[in-house]
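Colleague: Given next are the chains, with one letter for each unit.
2 protein chains.
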Amino acid sequence: MEELKISARSKKMIQPAIVKYNGLIREIEKTGKKVYFLNLGQPDIATPPAFMEAVRQIDDDVLMYVDPKGIIPLRQSIVGYFKNYDLDYDIDEILVTMGGSEAIWYTFLTLCDEGDEIICPDPVYSIYREVAKATGVKLVPVETYAEEGFELPAKEVIEKCITDKTRAFILNTPGNPTGRVYTKREMDDISQLALQYDLFIISDEVYRDFIYDGEEFLSFAAREDVAEKVILVESASKRFSACGARVGFLATKNKEVYEGLLKMAQTRLSISYVDQVGAVELFKLEQDYLRAQLDEYENRRDTICEELRKIDGVVLETPKGAFHLLVKLPIDDAEDFIQFMLNDFTLDGETVLVTPGADFYFNEELSKNMVRISYVLKQEDLKRAAFLLRKGLEAYKSK
Amino acid sequence: MEELKISARSKKMIQPAIVKYNGLIREIEKTGKKVYFLNLGQPDIATPPAFMEAVRQIDDDVLMYVDPKGIIPLRQSIVGYFKNYDLDYDIDEILVTMGGSEAIWYTFLTLCDEGDEIICPDPVYSIYREVAKATGVKLVPVETYAEEGFELPAKEVIEKCITDKTRAFILNTPGNPTGRVYTKREMDDISQLALQYDLFIISDEVYRDFIYDGEEFLSFAAREDVAEKVILVESASKRFSACGARVGFLATKNKEVYEGLLKMAQTRLSISYVDQVGAVELFKLEQDYLRAQLDEYENRRDTICEELRKIDGVVLETPKGAFHLLVKLPIDDAEDFIQFMLNDFTLDGETVLVTPGADFYFNEELSKNMVRISYVLKQEDLKRAAFLLRKGLEAYKSK
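Those protein sequence lines, which keep their order, are chains H and V.
Numbering-wise, the working numbering puts 177 at position 177 of the first sequence, and it's gapless, one number per residue.
Going from the second sequence to the working numbering is simple: count from 1 and add 399.
Treat the hints with care, as some may be off.
[Unchecked claim] What follows is a list of derived Cβ distance ranges for each label pair:
#1 Asp459(V) - Glu216(H): 30 to 38 angstroms
#2 Thr582(V) - Asp59(H): 38 to 46 angstroms
#3 Lys160(H) - Leu486(V): 53 to 61 angstroms
#4 Asp460(V) - Lys11(H): 35 to 43 angstroms
#5 Cys161(H) - Lys433(V): 52 to 60 angstroms
#6 Asp312(H) - Lys654(V): 42 to 50 angstroms
#7 Lys397(H) - Asp460(V): 50 to 58 angstroms
[Stated by the list, open to error] With a Cα cut of at most 16 angstroms, we get these calculated EDC-like pairs of lysine to aspartate or glutamate:
#8 Lys404(V) - Glu228(H)
#9 Lys5(H) - Glu627(V)
#10 Lys11(H) - Glu658(V)
#11 Lys404(V) - Glu259(H)
#12 Lys5(H) - Asp597(V)
#13 Lys12(H) - Glu513(V)
Honestly, the hints are just simulated from the structure, not real lab data.
Note that the coordinates shown come from a computational prediction; the quantities given were computed from them, not determined experimentally.
Heads up, the beta-carbon is just placed ideally off N, CA and C, and yes, glycines get one too.
Bound-form chain H, shown alone (with noise of 0.2 angstroms):
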């Protein structure tokens, strides 16, 4: 019986630690401890009850298969939405997708064949790199640096990782896990790379609602330069703080790529009804819910920055977007400080956890004493769970 093989690609998949500590977690919380989650991007906030209005009022006799692009409502609401950010799309250019993740595998596929290479920054979102493995795609990282805010480095160092396997570029903007939100100029030479070598831009911009401090948003979408080249991968999961619905979509005006992913899509038939009836509405709320999101997680950044920056030897910049930091702690092994965080360490009763950077670098080196903090709790929250964090180094230190 040992003999059995699993796949290869299976193999190499990780659990990626935003996934493995749940178990662990449900065990600990059994003893009575209190956790402060700062590990996932799971906000704390209400899911807007207009889905659960929507979704009551459903009367439809039998629950059928529906329309693999998604129902016509929800991409109908998805293109008014995209109105608000002069992004101009048509129903036939959306792919309604079980999540951003969908969205992930369905271009990784379109767009590559085993062993076609996908150039991402480094640190980069966990998720791409297991799809990557899982689909037979090779990420090549570009290296970028905490102490410079996680700025893509020159289109010479970018072009130097483009060969002749290359396909695509992946970026997120803001971004998951620096909070970078990337500039003209970065933007500029991703473009001018992909017109150059025939690359496509698949652009996760799932945070685009969460850009501070008056921020200009840029997305890719807009760029007429690479119109045919981007494919926006999407999810009403963060915007509208609903990540238990499994609603994402893709936008690309290429027609031979939309074909491709549609094809992807037609193996599942269709994603869940009842979701989509309940995001119809999500994306038809007023610009001001948003607005009041994006109001209510400046102050969450502008907390936990404030009170991170009260412990010795954290080093963070403050992100520009999303709802995540990459921090640099004064430790050698974030991984061991989180175990101990969960394991040994309890202040009344209460602890704090944090997303190790192994998540997300391909660099070992750079990755050790970073950790993911995701500020989607409410302020006071955020500010226990920073002063819980200060108390652990000091714990942990003095081991």
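Let chain H serve as the given structure and place chain V on it in line with the hints.
Modeller: Just chain V, lined up with the frame of chain H:
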């Protein structure tokens, strides 16, 4: 712009006819023509109200990511459903997926690397073929024949298909598109080969509850000899007429395989929470519910077979399970005939749509005059649809 390349695997994929006609139909229905849909496995039976009743009760403030394995109440409910069939699974041997389709994706990816082989009968469920192309798996078909009720050939014939690249068999019992219910002889042969050559058995049993004529139910999952080799593919869609609720699952006692499947599932964090809450109630339904469905489909099967036998030149074997049949029509080109029925034929403003055999066959020669008929409509509609098919064939032949 024209030079951008999408992947070869994407180019190899096709739109299965079960999907392709949808666009066409919408156009045709706009003209006021009524179409009887015998082309899709989409039953007209009401989804049990328990599903939406549970959904309407959801009062979570935040719709959160849930366990990638599936919420515990759903896995418990599934374990309970299995007990009705004397199948003994633990909740940690169940992985909830977005329909049976995602289950197929994850299984292929977990068992196979690029170029690895899975043996399947010809004809086969069309979605397997497209997922195989997307994941780089080579399906190796074993021919079966309408005249023999699609019985698997002798063990020695199947054995010849095994190479050092072979990783698994995939079988669907009761079968889509054939309605075949595998006998003990066939299952013994497959199991012996699996043991002898160390292969997995992917057993797609989504139609388990639809076995007619009091025929005995045999599951690969009930066999002790291959307990470690079996991966069950399951779905709520067919048995509970809940296709639009995208809830399927995998069940396996092989821990290494389970871990591999789970790593795939972790890349999408979780599936729809709302659908899972509804599905908890479906798998709890009394056996009476499923027995009533079985009676209904058995009557439908009898009706459609009786009506089809009235048509000159039609060849069919009465299927023992599922709700599809593969029928030989007295024509040379099923696809051309189907186009004719859609575009050129009408009787009192009505026509009928079936699926061409080409959607399911590797051997094009065998497929040319075959169509799949899904008896998913009530008996009076099936009678009318069969009548329209007869009249359509007459009109087509006298063109």
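Colleague: The structure should be examined with respect to each hint, and the outcome stated for every one.
Modeller: Here is how each hint holds up against the structure:
1. Asp459(V) - Glu216(H): 30 to 38 angstroms: Given a distance of about 36 angstroms, which is inside 30 to 38 angstroms, the answer is holds.
2. Thr582(V) - Asp59(H): 38 to 46 angstroms: holds (44 angstroms)
3. Lys160(H) - Leu486(V): 53 to 61 angstroms: Holds: the Cβ-Cβ distance is about 56 angstroms, inside 53 to 61 angstroms.
4. Asp460(V) - Lys11(H): 35 to 43 angstroms: This hint holds: roughly 40 angstroms between Cβ atoms.
5. Cys161(H) - Lys433(V): 52 to 60 angstroms: holds (58 angstroms)
6. Asp312(H) - Lys654(V): 42 to 50 angstroms: Given range 42 to 50 angstroms: holds, Cβ gap about 45 angstroms.
7. Lys397(H) - Asp460(V): 50 to 58 angstroms: violated (38 angstroms)
8. Lys404(V) - Glu228(H): holds (12 angstroms)
9. Lys5(H) - Glu627(V): holds (12 angstroms)
10. Lys11(H) - Glu658(V): holds (9 angstroms)
11. Lys404(V) - Glu259(H): Distance of about 13 angstroms is within 16 angstroms: holds.
12. Lys5(H) - Asp597(V): Cα-Cα ~9 angstroms, so holds.
13. Lys12(H) - Glu513(V): Roughly 14 angstroms separates the two Cα atoms, so the pair holds.
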